[in-house]
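Chain S is already provided as a structure; the job is to place chains C and L on it using the hints.
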Amino acid sequence: MDSILIAMILALLIPIYEAWQDDNIWQKMLAFASIATKTSIMMLVISVLRDDWSIGVVAVIILSVGEAGLMLLAHLIKQCRLG
Amino acid sequence: MIDILSYGLMVIGIIFWFWGTFPLIGNRSVLFKLHSLSVADTLGSMAIVVGLLLKIPSEWPLLLLAIITLAIWNTVLGYVLAYCSSSGGKND
Amino acid sequence: MIDNYVYVIVALLPLAALMLVFQVNPYNALVIRAILGAVSALVYAILGAADVALTEALVGTMLAVTLYVVAVRSSLVMRLGILKEFKIEKESYFEELIANLRKVINKYHLRLEIVEYSNSKALEQALMAKEVHATCIKQEQEQVDTQNQNSTTGIDIRQTYHTTIRVRRLFEIMKTELTFPETTLDYVTVSNEEDKH
Numbered sequence: 001m002d003s004i005l006i007a008m009i010l011a012l013l014i015p016i017y018e019a020w021q022d023d024n025i026w027q028k029m030l031a032f033a034s035i036a037t038k039t040s041i042m043m044l045v046i047s048v049l050r051d052d053w054s055i056g057v058v059a060v061i062i063l064s065v066g067e068a069g070l071m072l073l074a075h076l077i078k079q080c081r082l083g
Numbered sequence: 001m002i003d004i005l006s007y008g009l010m011v012i013g014i015i016f017w018f019w020g021t022f023p024l025i026g027n028r029s030v031l032f033k034l035h036s037l038s039v040a041d042t043l044g045s046m047a048i049v050v051g052l053l054l055k056i057p058s059e060w061p062l063l064l065l066a067i068i069t070l071a072i073w074n075t076v077l078g079y080v081l082a083y084c085s086s087s088g089g090k091n092d
Numbered sequence: 001m002i003d004n005y006v007y008v009i010v011a012l013l014p015l016a017a018l019m020l021v022f023q024v025n026p027y028n029a030l031v032i033r034a035i036l037g038a039v040s041a042l043v044y045a046i047l048g049a050a051d052v053a054l055t056e057a058l059v060g061t062m063l064a065v066t067l068y069v070v071a072v073r074s075s076l077v078m079r080l081g082i083l084k085e086f087k088i089e090k091e092s093y094f095e096e097l098i099a100n101l102r103k104v105i106n107k108y109h110l111r112l113e114i115v116e117y118s119n120s121k122a123l124e125q126a127l128m129a130k131e132v133h134a135t136c137i138k139q140e141q142e143q144v145d146t147q148n149q150n151s152t153t154g155i156d157i158r159q160t161y162h163t164t165i166r167v168r169r170l171f172e173i174m175k176t177e178l179t180f181p182e183t184t185l186d187y188v189t190v191s192n193e194e195d196k197h
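Chains as they are written, first to last, in my numbering: chain S, 1 to 83; chain C, 1 to 92; chain L, 1 to 197.
Quick caveat, the hints were computed from the structure, so don't treat them as lab data.
Treat the hints with caution; some may be incorrect.
What the hints assert, rightly or not - These stretches of chain S come out as covered by chain C in the derived footprint (C-beta under 8 Å, 3 or more residues):
{"id": "1", "segment": "23-35"}
{"id": "2", "segment": "57-68"}
Claimed, not checked - Sample of chain S residues at the chain C side, in silico, Cβ under 7 Å:
{"id": "3", "residue": "I4"}
{"id": "4", "residue": "A7"}
{"id": "5", "residue": "A11"}
{"id": "6", "residue": "I14"}
{"id": "7", "residue": "P15"}
{"id": "8", "residue": "E18"}
{"id": "9", "residue": "I41"}
{"id": "10", "residue": "L44"}
{"id": "11", "residue": "V48"}
{"id": "12", "residue": "M71"}
{"id": "13", "residue": "A74"}
{"id": "14", "residue": "K78"}
Stated by the list, open to error - Derived Cβ-Cβ restraints for the label pairs, each shown as a range:
{"id": "15", "chain 1": "C", "residue 1": "S36", "chain 2": "L", "residue 2": "E131", "range": "32 to 38 Å"}
{"id": "16", "chain 1": "C", "residue 1": "I4", "chain 2": "L", "residue 2": "V59", "range": "41 to 47 Å"}
{"id": "17", "chain 1": "C", "residue 1": "I4", "chain 2": "L", "residue 2": "N25", "range": "33 to 39 Å"}
{"id": "18", "chain 1": "C", "residue 1": "I72", "chain 2": "L", "residue 2": "M128", "range": "31 to 37 Å"}
Computed from a prediction, not measured in an experiment: that's the story for all the values here.
Glycine residues also receive a C-beta, built at the ideal position from the N, C-alpha and C atoms.
Pulled out of the complex, with its shape left as it was, chain S reads as follows:
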């Protein structure tokens, strides 16, 4: 189980690197979308691993709220680029 989590952290490092090296804002947004999904899935895995119900609930809420926030941010940035 530990090795699965380490592999997940490695997968998480790729979009972080991408967000650091690319200057285009939409590429950064893509990296953020990837990170938001990955972090909440990792939280879910850890909650199941520890059999902790409260972390699991928070993970699901963060999963849905993070994506909603991402859509809001995408629309705001689009308005900025156009104006």
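Here is chains C and L on its own, set in the frame of chain S:
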């Protein structure tokens, strides 16, 4: 038996993650990256959650909610990101 | 009960924070701030603080970033006032001037917003009332009729523009970096009492 199946699903999910995330590095267009990311990432995440569901069935409402959230929101998110980046992206 | 992966995940937090600190473009910095929020929510969750993680995701990632995008969008802007008929003419020099202004301004991560006014009096008032940061008008002595121009010289005289800026720093930037010979730059001080009445 179920243990092997759940670990197998999780490993498949992580392979999907790597497969979807590696195209992020490199100079491809936003839409190409979005395509690989939304397909492979969503499938990978769902495989991982199904693996967890097989492992610990007592938390099924939570994990089912996670699967539904992933399936619906990630699809909508892919559409919204593509729409925003293609109409506002004069600079890419 | 602290496992090995906890240390690795906690190490991601300063990594994301350093990325945020070394980012200069405000919009990119806000996206990285959102990434930092996601990573820190993960760290709080694995350390057992579910409530803190939820607060970080709701407030830090969603509310703060959204509000800051709105704030950056409305503050990092240069508003240029022009006359209405000016835009309708669609002169190539004017388009060029706007493109040049955009290029200079984009280096400082500013946006250019063009505000149209119907006559020059309203334009002047808007500058004095601090509605716009700069105005751009056609210089009057250069306004020659096109028929006149064709009959006498045959060569069209380059029309020059007159740009008035009321923000000192913007004027300094434009003076050093705007290399566009068709416009003259001018700086005016607008006193604070003017906008009271």
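So, going through the hints one by one against the coordinates:
Here's how the segment 23-35 of chain S fares: 8 of its residues keep a CB closer than 8 Å to some CB of chain C, so the rule of at least three is met and the hint holds. Counting residues of the segment 57-68 of chain S whose beta carbon lies closer than 8 Å to any beta carbon of chain C gives 7, which meets the minimum of three for the stated coverage. Residue-level restraint check for I4(S) holds (minimum Cβ-Cβ distance to chain C is 6 Å; threshold 7 Å). Given hint, A7(S) at the interface with chain C, holds; its Cβ is 5 Å from that chain's nearest Cβ, closer than 7 Å.
Interface hint status for A11(S): upheld, as the beta-carbon distance to the closest one in chain C is roughly 4 Å, under 7 Å. At a threshold of 7 Å, the smallest CB-CB gap from I14(S) to chain C is about 5 Å, leaving the interface hint in force. Interface hint at P15(S): satisfied, since its Cβ lies 6 Å from the closest Cβ of chain C, which is below the 7 Å cut-off. A distance limit of 7 Å between C-beta atoms decides the matter here; for E18(S) the minimum to chain C is near 5 Å, and the interface restraint holds.
Using the Cβ-Cβ criterion of 7 Å, the hint placing I41(S) at the interface with chain C is satisfied: the shortest such distance is roughly 5 Å. Below 7 Å, beta-carbon pairs count as interface contacts, and L44(S) has one with chain C at about 6 Å; its hint therefore holds. A least Cβ separation of about 5 Å between V48(S) and chain C falls short of the 7 Å threshold, and the interface hint therefore holds. Taking 7 Å as the C-beta cut-off, the interface hint given for M71(S) holds, the closest approach to chain C being about 5 Å.
Among the interface hints, the one on A74(S) holds; its C-beta lies about 4 Å from the nearest C-beta in chain C, closer than the 7 Å criterion. The criterion of a C-beta within 7 Å of any C-beta in chain C is met by K78(S), whose closest approach is roughly 4 Å, and the hint holds. Roughly 47 Å separates the CB atoms of S36(C) and E131(L), a value that falls outside the hinted 32 to 38 Å. For the pair I4(C) and V59(L), the supplied restraint of 41 to 47 Å holds, since their beta-carbon distance comes to about 42 Å.
Range check, I4(C) to N25(L): Cβ separation about 49 Å, and the 33 to 39 Å hint is violated. Between I72(C) and M128(L) the beta carbons are some 54 Å apart, a value that contradicts the proposed interval 31 to 37 Å.
When each numbered hint is compared with the structure, violations occur for hints 15, 17, 18.
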